[in-house]
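Novice: Spelled out, the chains give:
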Amino acid sequence: MTIILKKERRPMNLLERLYFIEIFRGMSITIRHFFKNLIFIDQLPTIQYPDEHRSRSENFRGIHVINRREDGSVKCVACMMCETICPADCITIEAGESPDPAIEKLPVRFEIDLLRCIFCGYCVDACPKEALFMTGEFERVITDPSRSTIDLIELSQRASLQTAPKGYRPVY
Amino acid sequence: MLEDLLIATIKVTIIFMFCPLWVPIMVWAERRVSALIQNRLGPNRANIAGFKMFGIVQLAADMIKFMMKEDFAPGSASRFYHTIAPLFLLIPALLTFLIIPFGDVIRIGEKTISLQGADLNIGILYLLAIASFGVYAPVIAGWASNNKYALLGGLRAAAQMISYEISMGLLIISIVMTYNSVRLNEIIIGQGEVISLFGNLITIPRWGVINQPLAFFLFLLVAFAEVNRTPFDLPEAESELVSGYHTEYSGMKFALFMMSEYMSMLTMAALIVCLFFGGWQVPWFPTASLFEHAESLLRIVLAVAGIGGILAGILMHHLNRGARYYYGVNRNSPWVKAKVVIQYAVAFGSLLIGLWMLLSAMHLFPSNRLIGVLVLDGALPAWVRQLVVTLTQITMFLMKLTFFMFLYLWVRWTIPRFRYDQLMRLGWLVVLPLALANIFITAFFIVFWP
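Going down the list, the protein sequences come from chains A and B. Residues 12 to 183, numbered by our numbering, are exactly what the first sequence covers, in order. Residues 1102 to 1551, numbered by our numbering, are exactly what the second sequence covers, in order.
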């Protein structure tokens, strides 16, 4: 159902109907903007993107990262929690036996299809071992749809992780 | 004879170079001014080795793009007319500028050179005649494209231009009656006189805008409609007609349309300046008076140039700092570092020169020794006088022209587009009767109050 609100418009008076005065008023507004922005050009809200980045929240849901222990092995224990909860069905995990007797399993294969992923962050919430986090990283070019998945090595050891800002994670 | 031919060739060449030169500047200004009016930055990324020149390099990129594009015509279009249509707009746009005077006639010995491309005795009638040819271009383009939007755009353009041309002619008649000549240069010389008010207490220049304020406002309106510029850009109303008569144009042919539009804008702005704002006249100083005060003029010109240099330096520095990432990815290239050094050197140098000029102009130094190169004990050689006067007049003309070109941008980014019926009603029922009335009022004043 649409509600139509009828607003009575005040009829224009003679000065307004002449247009010229109203046009001058409009033009004074635009020229004010022009000179204000010319003088305070460094205060324009434009973010000059490749050089300058918008400041992002600490919980930005960017590309995933798999954390590692002190000794360098991945924290993931292949419990399949994230794969189960994933609404986009983009995580593929293949479990294998861990050489460490204290840990039962480790992922032999852990892949996330970034073109399927909707970056909802449920996988991070589901992870019981604080192994799967997200980063603030969001710039990634996928030129070939068949190569849209990132594997375990890339998830845990890619070079951009050194500088990537922190993203969505259960601990702060 | 041969001499005259040479001079005419040089003048025409300069004018034909001058007009297209404004196009990239206007496109750049359009983009940056509109951006600043709308709280944006505008194009400032394209660069050559880090040199961006406040975004002007973007135009080089655009131009290369235009030239690289395929020369495409729709299969159902009439190829011949599709190709020549842009020329029908380009040629009148170039030709009309020929009669615009840039300055008073130069006298070298017995020879006089007028600073117009062609000093015709039919003067402004020539401009009206040639400008009317511009109507053919949208019609031919619209028809040849075989596209309904293009055709509607062409029809609109033709109807609009023809109906506003009538009012334009009538408004020009009232100006011609006031100044008693159809030659633009004589109209401008007529505007060099002054009107005395309250018994010589106040004198105001006898400009067209003061004699004929109504005609000025109407002419401004007509000029906008005549060059299809917002708020009257109905022929290319993108919300209704995609892009109007140049919907089917791309690449260099479209660039020609765009160029000729900007050049007709330039001609119209020049015409407004010539008819209503005294053309090359320096207010209160007609040519004879300028010659008389040539030395003071020289000092003032140098001082103004110096101050301009300082201001330009400050502005350059300011804009550089303002565009935070002005140097972009090439921040560390040696070219860019050299550029910064050069910029500071130029700004600082112009500051020093400007201060020196200013102080000399204010007689704070014994100026004859400081500007001794040019000032020869109060008596300038004739050619220097001529040069100073002519350059001042040309600069004055260009300043006025620049203001009106800016006005086009300013209006475009302020006022929304009219509806087509409003446009036609305005043209026929408001502007035309007022223009006619203006002629009668002018005639009345000329006859009864000479």
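Bear in mind the hints are in silico, worked out from the structure with no lab data behind them. Treat each hint with caution, since some may be false.
To be verified - Derived CB-CB ranges, DEER-like:
| # | chain 1 | residue 1 | chain 2 | residue 2 | range |
| --- | --- | --- | --- | --- | --- |
| 1 | A | F51 | B | M1278 | 46 to 52 Å |
| 2 | B | V1405 | A | N24 | 25 to 31 Å |
| 3 | A | L29 | B | L1508 | 16 to 22 Å |
| 4 | A | N24 | B | W1385 | 22 to 28 Å |
| 5 | B | V1405 | A | F35 | 26 to 32 Å |
| 6 | A | L29 | B | F1507 | 47 to 53 Å |
| 7 | B | M1500 | A | L25 | 34 to 40 Å |
| 8 | A | T154 | B | Q1139 | 31 to 37 Å |
| 9 | B | L1492 | A | T154 | 56 to 62 Å |
| 10 | A | F149 | B | P1384 | 58 to 64 Å |
| 11 | B | V1485 | A | L25 | 23 to 29 Å |
To be verified - A short, non-exhaustive set of chain A residues, derived as facing chain B with CB atoms under 10 Å:
| # | residue |
| --- | --- |
| 12 | Q59 |
| 13 | V152 |
| 14 | I153 |
Unchecked claim - According to the in silico footprint, chain B covers these stretches of chain A (three or more CB under 8 Å from chain B):
| # | stretch |
| --- | --- |
| 15 | 33 to 40 |
| 16 | 174 to 180 |
For each residue, glycine too, the CB sits at the ideal point set by N, CA and C.
Novice: For each hint, tell me whether it holds in the structure or not.
Specialist: Each hint tested on the structure:
Separation of A:F51 from B:M1278 is about 49 Å and conforms to the stated range, judged on CB atoms against 46 to 52 Å. Roughly 45 Å separates the CB atoms of B:V1405 and A:N24, a value that falls outside the hinted 25 to 31 Å. Take A:L29 and B:L1508: their Cβ atoms lie about 19 Å apart, and the range 16 to 22 Å holds. Against the hinted window of 22 to 28 Å, the Cβ-Cβ separation of A:N24 and B:W1385 comes to about 39 Å, which falls outside the hint.
The supplied range of 26 to 32 Å is met by B:V1405 and A:F35, whose beta-carbon atoms lie about 29 Å from each other. With their beta carbons about 24 Å apart, A:L29 and B:F1507 fall outside the hinted range of 47 to 53 Å. A beta carbon spacing of about 36 Å between B:M1500 and A:L25 agrees with the range 34 to 40 Å that was offered as a hint. Here the CB-CB span from A:T154 to B:Q1139 is close to 35 Å, well matched to the stated 31 to 37 Å.
For B:L1492 and A:T154, the hinted distance range of 56 to 62 Å is satisfied, since their beta carbons lie about 58 Å from each other. Remark: the range hint 58 to 64 Å for A:F149 to B:P1384 is upheld by a beta-carbon distance near 59 Å. Between B:V1485 and A:L25 the Cβ separation comes to about 56 Å, which falls outside the hinted range of 23 to 29 Å. Interface restraint check: A:Q59 against chain B, minimum CB-CB distance 5 Å, threshold 10 Å, status holds.
Residue-level restraint check for A:V152 is violated (minimum Cβ-Cβ distance to chain B is 17 Å; threshold 10 Å). Among the interface hints, the one on A:I153 is violated; its C-beta lies about 23 Å from the nearest C-beta in chain B, farther than the 10 Å criterion. Coverage of the stretch 33 to 40 of chain A by chain B holds in this model, with 4 residues showing a Cβ closer than 8 Å to a Cβ of that chain against a need of three. Using a Cβ-Cβ cut-off of 8 Å, 0 residues of the stretch 174 to 180 of chain A lie near chain B, which falls short of the minimum of three, so the contact claim is violated.
Taken one by one, the earlier hints fail for this structure at numbers 2, 4, 6, 11, 13, 14 and 16, listed in ascending order.
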